[in-house]
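There are 2 protein chains.
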Amino acid sequence: MADQLQRPYAAAACLLLLQYLTGGISMSIPDPKYREALIKLETSMQTGGQLVLNDAERRLDSLLFTMKQKEIARPDFPPTMHFFKARHLIRTSPIFNLLKKMPKGGALHVHDFSMVDVEWLVKNVTYRPQCFMCVTDKQSIRFIFSSQLPKPLPHCSPWTLLENLRAKMINITDLDNSIMGNLTLFTDEDPETVYPSQDVVWDRFEQTFLALWGLVTYAPVFRDYYYQGLTQFYMDNVMYLELRALLPEIYELDGSTHDAAWTLKTYQEITRQFTADHPDFYGARIIFTVHRGVNITTMKGVVEKAVKLRRDFTDVMAGFDLVGREDRGRPLWYFREALSLPKNVILPFFFHAGETDLEGTEVDQNLLDALLFNTSRIGHGFALPRHPVAKNISRKRGVALEVCPISNQVLKLVNDMRNHPAAALMLENHPMVISSDDPAMFGACGLSYDFYEAFVGFGGLRSNLGTLKQLAMNSIKYSSLTPEQQKKALALWQRRWDEFVSNNVF
Amino acid sequence: MADQLQRPYAAAACLLLLQYLTGGISMSIPDPKYREALIKLETSMQTGGQLVLNDAERRLDSLLFTMKQKEIARPDFPPTMHFFKARHLIRTSPIFNLLKKMPKGGALHVHDFSMVDVEWLVKNVTYRPQCFMCVTDKQSIRFIFSSQLPKPLPHCSPWTLLENLRAKMINITDLDNSIMGNLTLFTDEDPETVYPSQDVVWDRFEQTFLALWGLVTYAPVFRDYYYQGLTQFYMDNVMYLELRALLPEIYELDGSTHDAAWTLKTYQEITRQFTADHPDFYGARIIFTVHRGVNITTMKGVVEKAVKLRRDFTDVMAGFDLVGREDRGRPLWYFREALSLPKNVILPFFFHAGETDLEGTEVDQNLLDALLFNTSRIGHGFALPRHPVAKNISRKRGVALEVCPISNQVLKLVNDMRNHPAAALMLENHPMVISSDDPAMFGACGLSYDFYEAFVGFGGLRSNLGTLKQLAMNSIKYSSLTPEQQKKALALWQRRWDEFVSNNVF
Ligand SMILES: [Zn+2]
Ligand SMILES: [Zn+2]
Numbered sequence: 001m002a003d004q005l006q007r008p009y010a011a012a013a014c015l016l017l018l019q020y021l022t023g024g025i026s027m028s029i030p031d032p033k034y035r036e037a038l039i040k041l042e043t044s045m046q047t048g049g050q051l052v053l054n055d056a057e058r059r060l061d062s063l064l065f066t067m068k069q070k071e072i073a074r075p076d077f078p079p080t081m082h083f084f085k086a087r088h089l090i091r092t093s094p095i096f097n098l099l100k101k102m103p104k105g106g107a108l109h110v111h112d113f114s115m116v117d118v119e120w121l122v123k124n125v126t127y128r129p130q131c132f133m134c135v136t137d138k139q140s141i142r143f144i145f146s147s148q149l150p151k152p153l154p155h156c157s158p159w160t161l162l163e164n165l166r167a168k169m170i171n172i173t174d175l176d177n178s179i180m181g182n183l184t185l186f187t188d189e190d191p192e193t194v195y196p197s198q199d200v201v202w203d204r205f206e207q208t209f210l211a212l213w214g215l216v217t218y219a220p221v222f223r224d225y226y227y228q229g230l231t232q233f234y235m236d237n238v239m240y241l242e243l244r245a246l247l248p249e250i251y252e253l254d255g256s257t258h259d260a261a262w263t264l265k266t267y268q269e270i271t272r273q274f275t276a277d278h279p280d281f282y283g284a285r286i287i288f289t290v291h292r293g294v295n296i297t298t299m300k301g302v303v304e305k306a307v308k309l310r311r312d313f314t315d316v317m318a319g320f321d322l323v324g325r326e327d328r329g330r331p332l333w334y335f336r337e338a339l340s341l342p343k344n345v346i347l348p349f350f351f352h353a354g355e356t357d358l359e360g361t362e363v364d365q366n367l368l369d370a371l372l373f374n375t376s377r378i379g380h381g382f383a384l385p386r387h388p389v390a391k392n393i394s395r396k397r398g399v400a401l402e403v404c405p406i407s408n409q410v411l412k413l414v415n416d417m418r419n420h421p422a423a424a425l426m427l428e429n430h431p432m433v434i435s436s437d438d439p440a441m442f443g444a445c446g447l448s449y450d451f452y453e454a455f456v457g458f459g460g461l462r463s464n465l466g467t468l469k470q471l472a473m474n475s476i477k478y479s480s481l482t483p484e485q486q487k488k489a490l491a492l493w494q495r496r497w498d499e500f501v502s503n504n505v506f
Numbered sequence: 001m002a003d004q005l006q007r008p009y010a011a012a013a014c015l016l017l018l019q020y021l022t023g024g025i026s027m028s029i030p031d032p033k034y035r036e037a038l039i040k041l042e043t044s045m046q047t048g049g050q051l052v053l054n055d056a057e058r059r060l061d062s063l064l065f066t067m068k069q070k071e072i073a074r075p076d077f078p079p080t081m082h083f084f085k086a087r088h089l090i091r092t093s094p095i096f097n098l099l100k101k102m103p104k105g106g107a108l109h110v111h112d113f114s115m116v117d118v119e120w121l122v123k124n125v126t127y128r129p130q131c132f133m134c135v136t137d138k139q140s141i142r143f144i145f146s147s148q149l150p151k152p153l154p155h156c157s158p159w160t161l162l163e164n165l166r167a168k169m170i171n172i173t174d175l176d177n178s179i180m181g182n183l184t185l186f187t188d189e190d191p192e193t194v195y196p197s198q199d200v201v202w203d204r205f206e207q208t209f210l211a212l213w214g215l216v217t218y219a220p221v222f223r224d225y226y227y228q229g230l231t232q233f234y235m236d237n238v239m240y241l242e243l244r245a246l247l248p249e250i251y252e253l254d255g256s257t258h259d260a261a262w263t264l265k266t267y268q269e270i271t272r273q274f275t276a277d278h279p280d281f282y283g284a285r286i287i288f289t290v291h292r293g294v295n296i297t298t299m300k301g302v303v304e305k306a307v308k309l310r311r312d313f314t315d316v317m318a319g320f321d322l323v324g325r326e327d328r329g330r331p332l333w334y335f336r337e338a339l340s341l342p343k344n345v346i347l348p349f350f351f352h353a354g355e356t357d358l359e360g361t362e363v364d365q366n367l368l369d370a371l372l373f374n375t376s377r378i379g380h381g382f383a384l385p386r387h388p389v390a391k392n393i394s395r396k397r398g399v400a401l402e403v404c405p406i407s408n409q410v411l412k413l414v415n416d417m418r419n420h421p422a423a424a425l426m427l428e429n430h431p432m433v434i435s436s437d438d439p440a441m442f443g444a445c446g447l448s449y450d451f452y453e454a455f456v457g458f459g460g461l462r463s464n465l466g467t468l469k470q471l472a473m474n475s476i477k478y479s480s481l482t483p484e485q486q487k488k489a490l491a492l493w494q495r496r497w498d499e500f501v502s503n504n505v506f
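In order, the protein sequence lines correspond to chains A and B.
Mapping the first sequence onto the UniProt record's numbering, position 429 (from 1) lands on 429, and the numbers just tick up by one.
Mapping the second sequence onto the UniProt record's numbering, position 409 (from 1) lands on 409, and the numbers just tick up by one.
Everything labelled a hint here was simulated from the structure, so no lab data went into it.
Note that the structure is a prediction, hence the values are computed from the model and not measured.
Any given hint might turn out to be false.
What the hints assert, rightly or not - Ranges between beta-carbon positions, derived for each pair:
(1) Leu89/B with Thr193/A: 16 to 24 Å
(2) Pro279/B with Pro32/A: 46 to 54 Å
(3) Pro32/B with Gly293/A: 22 to 30 Å
As the list claims (entries may be wrong) - Pairs of lysine-lysine residues, derived as DSSO-like cross-links and limited to a Cα-Cα distance of at most 27 Å, are as follows:
(4) Lys487/B with Lys396/B
(5) Lys70/A with Lys101/A
(6) Lys343/A with Lys33/B
(7) Lys487/B with Lys477/B
(8) Lys477/B with Lys488/B
(9) Lys100/A with Lys343/A
(10) Lys33/B with Lys300/A
(11) Lys40/A with Lys300/A
(12) Lys100/B with Lys85/B
(13) Lys168/B with Lys151/B
(14) Lys396/B with Lys40/A
(15) Lys100/A with Lys138/A
(16) Lys343/B with Lys308/B
(17) Lys100/A with Lys488/A
(18) Lys138/A with Lys123/A
(19) Lys101/A with Lys138/A
(20) Lys123/B with Lys85/B
(21) Lys85/B with Lys85/A
(22) Lys477/B with Lys40/B
(23) Lys487/B with Lys33/A
(24) Lys396/A with Lys343/B
(25) Lys396/A with Lys40/B
(26) Lys33/A with Lys33/B
(27) Lys123/B with Lys100/B
(28) Lys33/A with Lys396/B
(29) Lys487/B with Lys100/B
(30) Lys123/A with Lys100/A
(31) Lys101/A with Lys151/A
(32) Lys396/A with Lys396/B
(33) Lys100/B with Lys488/B
Just so it is clear, CB atoms sit at the ideal spot from N, CA and C, and this is done for glycine as well.
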């Protein structure tokens with residue numbers, strides 16, 4: 001890594017601090033020099049605080065500082081608000097517009113069916129031929145593509161061909177908007193009213209997921225969806241992706257289906273095609289996921305399957321993870337036998353853990369257990385500051401958190417982003433990357449919105465261009481890529497970074 | 001201190017952790033013994049985690065654990081809600097009722113004019129003879145006691161004798177309720193609607209303060225108010241108080257006034273009287289405070305006065321502090337010359353610092369500066385986790401935070417108490433005490449509500465009776481009392497603690 005440490009400075013400052021702590025320095029007015037040194041020491045401890053910026057970077061950094069001062073002075077400072085209310089404000093923020101252009105490295109925590117904005121799904125996918133829709137008892141919707149009228153679903157209205165439905169409607173825009181509203185949590189209404197509790201928002205999350213399902217698991221859509229997803233991240237200046245994917249059965253118009261190996265292979269092919277089309281995109285890898293609601297027997301089977309897939313598709317398959325609401329699912333320790341592998345078997349874990357505020361419960365042990373199972377990274381780790389031992393292990397071993405600010409806010413773990421636990425972690429350079437979890441579900445896109453919340457919300461006035469640079473580099477350093485691949489990816493990123501910096505200083 | 005450390009256990013656990021961190025332990029299923037040890041290690045790291053409980057305490061602890069499990073399972077779990085909405089739920093909580101009975105030690109961060117519930121002010125004080133009231137342009141109210149019609153206040157209606165006003169009213173209850181509403185921030189309406197921003201709530205805070213002013217600075221009321229304040233803390237099983245007091249001019253019915261020395265002496269006398277009436281109350285000390293809005297010249301004069309008062313009233317005067325909204329006031333560093341004392345002058349500081357979310361600003365340096373000025377404790381320290389250097393110094397030097405959860409929530413620094421930054425600090429046994437800041441202003445009383453939020457909200461299921469015991473002991477350990485006084489206070493507390501424990505196990 002290109003970590004250019006300001007070692008001499010840091011060492012001197014540390015000495016000062018030590019002297020100060022042990023009472024070696026005593027004065028009536030604190031010496032402004034010491035004070036200055038301690039302030040600098042603190043700044044140097046944050047993520048990126050050890051990076052030495054070049055001239056152009058320093059100029060861009062001053063620019064950013066001025067922008068941030070203005071942003072923080074706003075009475076409607078976006079990180080204090082729910083993202084659904086803040087989005088339109090963020091969109092006009094000059095910092096956000098800079099962040100969009102910034103090469104952000106990799107997105108290491110994104111799920112398979114929430115990569116692409118829902119407008120594309122409605123305007124493109126649902127307009128394809130043979131798209132059937134039905135409405136469930138709970139007023140959610142379901143889709144299927146089929147060459148003939150599909151068998152009715154339980155607790156659902158009869159299937160209607162969307163083409164026919166649209167032909168009969170006077171106002172198609174209303175229909176399309178209503179479909180769109182069913183495919184995302186985003187709403188223009190007051191989010192506190194629509195989603196008063198974690199239970200309500202998670203229930204809607206799961207319904208929305210089921211609504212998407214029939215659209216995105218249709219083979220032709222599946223391919224296009226993934227290509228479109230890569231495009232959206234690429235357009236947001238993300239160069240690499242680690243996608244958590246369920247590898248579900250993918251179906252064809254005649255009802256025939258493909259297995260997980262086919263799906264993984266398809267991911268591989270589309271990634272290759274996309275990288276060929278966009279040579280400055282580095283690539284993507286898959287983290288195979290299963291729902292944490294399954295039983296032990298199923299889990300054993302899935303882990304075996306994961307081991308096999310990892311062996312057969314080593315270059316595209318990064319590892320394994322469990323998904324679904326942690327608070328309601330089974331804790332990792334429940335699956336300990338299934339997750340224990342013989343010494344000679346390789347299956348890297350990328351466990352979601354600590355996406356909870358149920359402190360001290362079974363589920364709250366997931367953080368420690370993920371580390372005991374040698375997880376490569378931690379998905380979220382929202383509860384980590386409340387686990388000093390786990391925090392220590394994560395720090396010492398370099399097990400990075402995948403911090404997804406907007407996801408945590410929408411799923412009601414935190415309100416004001418400045419109170420996000422990762423704010424303090426970022427100020428002490430805890431290993432972390434910024435990611436977006438399910439951007440389409442939250443009305444976000446790519447990584448820029450989450451970078452905005454982290455940079456402006458967590459970091460206050462102190463986080464700077466070095467912080468952003470380090471966060472981007474972290475996404476390569478903590479990726480599942482081999483050291484050689486990382487070197488290549490970093491070089492690619494560095495070229496784009498230098499371009500970005502020189503394009504934005506005047 | 002009666003810190004009975006479980007040293008042998010802690011050492012073994014630390015060794016385990018070290019082995020684990022350095023990769024000395026490797027296994028396919030993590031060994032349940034190691035896992036157990038790490039979990040225990042983590043629990044032992046929290047506030048009180050090193051205390052060894054006796055049999056009766058252990059039984060009470062089990063009881064508490066069961067209560068907490070029930071409490072956390074509630075869909076309307078109080079720490080997730082605004083205190084104004086949660087108060088009636090907390091009142092019926094069995095944990096809260098236990099906390100009320102628990103001897104909590106000292107209240108180290110309480111302000112002079114928010115000790116007594118406003119009902120007493122209205123029902124007792126405003127019914128006294130010669131109480132005049134007027135209404136300001138901003139619909140706040142002002143009071144004065146006077147033997148004759150007082151001179152009119154600018155931007156205020158003419159003065160009315162309350163006695164006359166009440167005689168003319170049909171519905172006195174409405175009048176009294178309206179007065180009461182003017183003397184506290186507490187409201188039955190939706191707090192988010194009434195106080196949409198920090199600016200609004202602080203503005204109301206300051207108006208409310210001015211409304212109280214004329215009532216509590218009237219000499220006869222001043223004495224009774226303080227006695228009544230001590231009574232309310234005593235009834236809440238608080239045995240000691242460090243009161244931040246402005247020592248303002250106190251007036252008599254004829255308009256004559258008393259100076260700060262008189263006021264301090266009055267505090268001393270009433271405290272002695274109260275302690276004589278209640279031998280199991282240990283006493284009170286005063287931290288002289290000035291508003292941070294003053295200019296440098298005024299500050300210099302006030303510091304000189306503080307030094308003199310401290311010399312003349314060493315046993316009752318603990319030290320000095322600045323008050324008022326940190327975000328809008330002058331930072332400590334602005335007053336550095338005024339706050340710098342010759343070596344032979346003693347004036348302990350108890351600075352408010354870090355009661356802000358304006359990270360990286362001038363004001364945000366107050367935390368470090370308070371420590372550079374050798375502050376004895378830190379008022380709030382809400383921003384401390386975002387200042388790793390300051391955090392280090394505070395920890396190593398044992399400079400305790402005075403954590404006031406409800407104050408921070410009402411003044412809009414945090415919503416869900418589980419996200420309060422002190423939650424993580426408590427789980428790593430950072431030096432801290434729990435206090436209530438301005439309980440009457442927030443509709444609270446004594447310390448029990450704030451203990452509830454800390455114990456149930458910050459601590460989740462893991463904090464236990466040891467945590468509560470340690471927090472109570474911390475309030476003596478980190479008080480301004482001399483070592484001998486602390487020993488006496490601790491013995492007094494320990495007797496009451498043992499009684500409390502044996503009264504509550506069956
Ligand atoms: Zn996720
Ligand atoms: Zn205060």
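Against the structure, test the hints numbered earlier, and report the numbers of the ones violated in rising order. Hints 9, 11, 15, 19, 23, 24, 26, 31 are the ones this structure does not satisfy, whereas the remaining hints hold.
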